[in-house]
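Remember, my numbering sits 58 above the position in the sequence shown when you count from 1.
Hint data in this document are derived by calculation from the structure and do not stem from the laboratory.
Computed from a predicted model, the values in this text were never measured in an experiment.
Hints are supplied without guarantee of correctness; some may be wrong.
Unchecked claim - Cβ-Cβ distance ranges computed for the label pairs, FRET-style:
no., residue 1, residue 2, range
1, Gly126, Asp151, 31 to 41 Å
2, Ile146, Glu108, 29 to 39 Å
3, Pro84, Leu161, 15 to 25 Å
4, Glu95, Phe167, 12 to 22 Å
5, Ala103, Gly164, 38 to 48 Å
Using N, Cα and C, we set each Cβ at its ideal position, and we do this for glycine too.
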Amino acid sequence: MSFNFRNDKAATRQSTADEMAATLRPGNVVFYTSDPENLSEFWAALTGYESRPRVGEYVGLRDPSGRGPNITFQRCDIDGLAPGRCHIDFYADDPDDVAERALQLGGDFVRRVDERGIRWVVLTDPDGNEFCVVVSGSPDRFP
């Protein structure tokens, strides 16, 4: 899948970091698990985080102070997972813009998702670690 790059200037690590500082921030840490409810209870007890509304099979927690990222537990078959049972969701006003910059810097595109009115782009860093970029204005920025 290809992206239409919005400008012709070459991205560098520093220029991209400067541009993204105000628009991209860690917003959600996602754990893959065969038992989202029990893992959610463990992390809630450990962190003091509170439950968020459940969306489909996603079980979520939030920092009651609003300062920390959300934590989400996604049901999946642990045995069938590729390396990495946890990934970070970043929030951005324009996920496609972030995806374009990630590609310029050596990342890879995995897929676009539009689920229950929430849009995000799944990418990998140069080492193959998955991360998602979720539209900032999504309802409770969930998944």
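Going through the hints against the structure:
1. In this structure, Gly126 and Asp151 break the distance hint of 31 to 41 Å, their C-beta atoms being roughly 21 Å apart.
2. At about 20 Å, the beta-carbon gap between Ile146 and Glu108 misses the expected band of 29 to 39 Å.
3. Take Pro84 and Leu161: their Cβ atoms lie about 20 Å apart, and the range 15 to 25 Å holds.
4. Between Glu95 and Phe167 the Cβ separation comes to about 32 Å, which falls outside the hinted range of 12 to 22 Å.
5. Hint check: Ala103 to Gly164, Cβ distance near 39 Å, so the stated range 38 to 48 Å holds.
Going down the numbered hints, you'll see the structure goes against 1, 2 and 4, while the others check out.
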